[in-house]
Amino acid sequence: RKEVEQDPGPFNVPEGATVAFNCTYSNSASQSFFWYRQDCRKEPKLLMSVYSSGNEDGRFTAQLNRASQYISLLIRDSKLSDSATYLCVVNYRTGGFKTIFGAGTRLFVKA
Amino acid sequence: DAGVTQSPTHLIKTRGQHVTLRCSPISGHKSVSWYQQVLGQGPQFIFQYYEKEERGRGNFPDRFSARQFPNYSSELNVNALLLGDSALYLCASSYDRTTNEKLFFGSGTQLSVL
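The listed protein sequences correspond, in order, to chains A and B.
All the letters of the first sequence, read from the start, carry residue numbers 26 to 136 under my numbering.
All the letters of the second sequence, read from the start, carry residue numbers 417 to 530 under my numbering.
Since the hints were made in silico from the structure, they are not lab data.
A couple of the hints might just be wrong.
Stated by the list, open to error - Restricting the straight-line Cα-Cα distance to at most 27 Å, the calculated cross-link-like pairs of lysine-lysine (BS3-like) are:
#, chain 1, residue 1, chain 2, residue 2
1, B, 518, A, 104
2, B, 446, A, 70
3, B, 468, B, 446
Computed from a prediction, not measured in an experiment: that's the story for all the values here.
Produce the entire structure from the sequences given, and follow the hints as far as they go.
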C-alpha cells in the first residue's frame, strides 16, 4: 500500500464548477499536511497547509480528518487557470524525517 | 530575491557514470531537501539536510548521497548510474527546521541516463 494515495483523475470540469479531491495516508504518526500545485513541466508550488480545523483561502478549502486519515481539497468556482496537477503531501518522523508526496490528481477546467 | 537555483538544468550521462547535482537555497533558508520525480508520479523524497546534518532519508539505495555546505547550498551525488535513475531531480528549501513546511522548489535538473 502506498503511504499517500490520490485518485489520479483526470477530473474534467466546466468553468464555475466545484470539484473535490481526496487523499489518504497510511502513517498515523503523520504530523503535517499540505496541498501543492504543479503545472505541466514546472516545479511544485505550495497551495495551502491543511489543519483539522480546516483552512480556507479564497476559493480553496482544505480539511484534515485524522481519525480516518484523509485530507481533502475543495475548489469552488473553478477557473481555467486552476488546470494543473494537485499533489497531497504528508510529513512524518519515524526514525528520521520524511516528506511523502502523493502521485497527484490532474484537473482540467474547460470553458 | 533569488529563488532556489539548481544546476545544471539538463544532463545526459551513460550507465555506470557518476553525477553531481547542485542546489542553492533561498537566502535565509537553512533546510534543503532533494526529490526524484518521474513522469506521471509525484516527487519522491531522497534526503533532507538542516545545518549540514542529514535529518531524513527516503528509500533510495546507497548510490545516492548528499551533503550540505556551510553556506547551506547542497549537492546530490549519484554513483553507478542506472537507466532507472533518469528523472527530474528537484531541490527544495525551507525556513523550518523540523517540519519541512512551506517548501520552495527549484526548477529541477532533468537527468537522462543512456
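Now for the hints, and whether the structure bears them out:
This hinted pair checks out: residue 518 of chain B and residue 104 of chain A have alpha carbons roughly 24 Å apart, not beyond 27 Å. Proximity of residue 446 of chain B to residue 70 of chain A is assessed by CA-CA distance (about 19 Å); at most 27 Å being required, the pair is judged to hold. Among the hinted pairs, residue 468 of chain B with residue 446 of chain B is consistent with the structure: their alpha-carbon atoms are about 9 Å apart, no more than 27 Å.
Of the hints listed earlier, there is not a single one the structure fails to meet.
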